[in-house]
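All chains should be built: construct the whole structure from the sequences, respecting the hints.
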Amino acid sequence: MIWVAWRQFRTQLVVALGAVLLLGIVILVTGLHLRHLYDTSGIRTCDTQADCQALGQAIVSHDKLMQNLLGPILLAVPALIGMFWGAPLLGRELESGTYRLAWTQSVSRTRWLAIKILLVGTASVAAAEIVSLMVTWWSSPIDHVNMNRLTPGVFDRRGIVAIGYAAFAFTLGLTAGAVIRRTLPAMAGTLVVFVAARVLISDQVRPHLRAALMLAGPVRRGPIGVPGTGVAPPLPGAWLLSHSTEAKCTIGTGPAVHTCPGTPFRVLYTYQPASRFWPFQSDEMAIFIGLALILLGVCFSWLRSSAPDTSIRNIVRAQEEHPRTDTDNHQQTGTNVLHALRSEQPRGNQ
Amino acid sequence: MIEFHLDARSGVSPYQQLVQQVRQALRLGLLREGDQLPTVKDVVGRLAINPNTVLKAYRELEHAGLVAARPGVGTFVTKTLSDSSLAAHAPLRRELESWLRKARRAGLDEESIDALFRDTFRSITLEGVA
Amino acid sequence: MSSVLQARGLGKRYGRRWALSDCTLSIPAGCVAGLVGPNGAGKTTLLHLAAGLLKATVGTIEVLGESVRGRPEQLARVGFVAQETPIYPTLSVADHLRFGAKLNPSWDDALAQDRIAGLGLERRQRAGQLSGGQRAQLALTLAVAKRPELLLLDEPVASLDPLARREFLRGLMEIAADREVSVVLSSHLVGDLERVCDYLIVLAASRVQLAGRVDDLLATHRRLIGPRRDASALPDGQQVIEASHTDRQSTLLVRTEEPIRDPGWIVEQVSVEDLVLAYMDQAAGAGRERGRLEAVRR
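Residue numbers (this note's numbering), protein chains in the order written: chain H, 1 to 350; chain Y, 1 to 130; chain W, 1 to 298.
FYI, nobody ran anything at the bench for these hints, they're computed from the structure.
These numbers were taken from a predicted model, which means no experiment stands behind them.
You may find that some hints are simply not true.
To be verified - Lysine to any residue pairs mimicking SDA-like chemistry, simulated, CA-CA at most 20 Å apart:
hint, chain 1, residue 1, chain 2, residue 2
1, Y, 41, Y, 71
2, Y, 41, W, 117
3, W, 102, H, 5
Below, the structure is given as structure tokens:
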């Protein structure tokens, strides 16, 4: 069975290996260059803030092309895995009818699916995580300067969340293929649901994974800060969720609230501290893995109960709508045809 | 080794056709004592018919004492049907050929010859019975 | 005599439609059974139920003495060739044989390789490039090389040209002759079934209309031709399957255990094709009756 699973996956795996290898070479070459730049820039030993900022800018703006490429690539990898590795696994078998060949060999359906999932699922997770690690390595000089690992655009392209994303996308594709029974629509469905889930979780769930912390600080002006308000984030590397400015004292209640004249304003920051990067990574990975396990459960239970029913329904329906005529001209519709045949036949067998 | 053929429209059941063909071959001397009949597998492989049909035919021939099955080896002819009448075949065939040529020259087509033959054959047979 | 396929009150429903209802069958071992009927009558459904690809809605089905549950041990004893002979287009012929070898502990590789070689199939050729006849032969090889006790074939020759069809049936009959294997094959080509089957099942209107050994069926059915007479004028033991009348003449197809003694009839034998058409006709008529009754009720 392992050979069978491998043989059916062979082409996709080879293509993926090639792509990862190619990407790896490019990342290695440009990454070493970036590191060299970082090491020789003197940013580790800079003393004034203005100096450090200038050196940092040089690092951060280096090789914008790669930066602009790596982000989308890493974003796309799990989705592509779900579409091209997950959806066809069951979807293709059902669409082309080869499940009737696969499930009548001397292997139980459950074992057949389990081994395929093991092989392709492991490859999916490994491929996604390898790419994620490569990008994390490449970006580390820049991350050192920016210290923004927790922020949305960066968080999901570092570390180990890719494992969860890939597992979820793969099982999503698998389930879509099982339910929709056609490869292309299943691929489309997988993409849509995957993107929706990712957006939903990163927008609505991630900020609340742990209770946000609050910090009050004076209003400050400076070149580095949240644009438009002249307010600096209180801690380096923190993920600023929201902020509000308020006055330290208020008089009255209800519609007639107004601030006391002459009292200073302060800024209230709601944030997640930088130290929560790894906990958040494991939490989000766990969420997506949990979703993946639920989908796996759905798939296996579908397999045992109604799996082929839905696929054969199409065959039965097609047969009824298009009764076949064969070369001997035996049409199976209507007695008048049968009678017509009868009158053509030579009567009487001696 | 003889080869079987099937006439799907003759109205005679397949196994009977096989029996008839063996008997005919025996009569014409195409099959002699000790000859092996084609194996069931060979026959169905050529004719695409049910193996039981062939088995049934061979069993009937065995019942009639014409063949004997040797398990693991095959089915062999044990008795011929051709007898002294075989000697009479050659001259009879020549007479038949000349008659046929005459009928052709008289302008009879195949169907008419066939009809004439069958009709005469039938009345002679009935005469023989009566 | 053990039966290779036994169904009791078997029924299968998709949504609101019953593809198969009240199906009771007992196919004996050692036969080549032909399953014939109009499209949508339930032939594919019955075969899929027997192969373990479907679960019954009501009733039971037993194959080779055990109920169908998808156990690998039972799957190993049954070979299945599905309609349109599905194969993996990107895998080669040799890959398919390896597929069979890896997934079936009872695989006879020598048999498979011999058969492929004998058919002249190119081992390296991708299965998607094979002709319809070659695909059918490959699918048959896959089903046969695991040495099953029962072979189920769903319209294996339906889309083949006459030559490929004959080749396929030749190969199938060789297999049937060679080994102790029972065959159930569905088709709507009655001519093929006549040559090849010794057990007949007519499925029409989702029900079993007729089932039995071909020899028995041919012995118990007769065509009666005589002066115009009502079908009910026949004695009780004789069941009229089909009747057609002109103003002077009646032609009946009758099922009877005893010989016809009434001298007023010309008695003729019937062919398998006659039987199949008559029973399908009867089912269609019953279906129309039901439809008409329902229309009246509404």
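Structure-based check of all given hints:
1. 41/Y <-> 71/Y: Judged against 20 Å, a Cα distance of about 14 Å means the pair holds.
2. 41/Y <-> 117/W: 18 Å, holds
3. 102/W <-> 5/H: 11 Å, holds
The structure meets every hint from the earlier list without exception.
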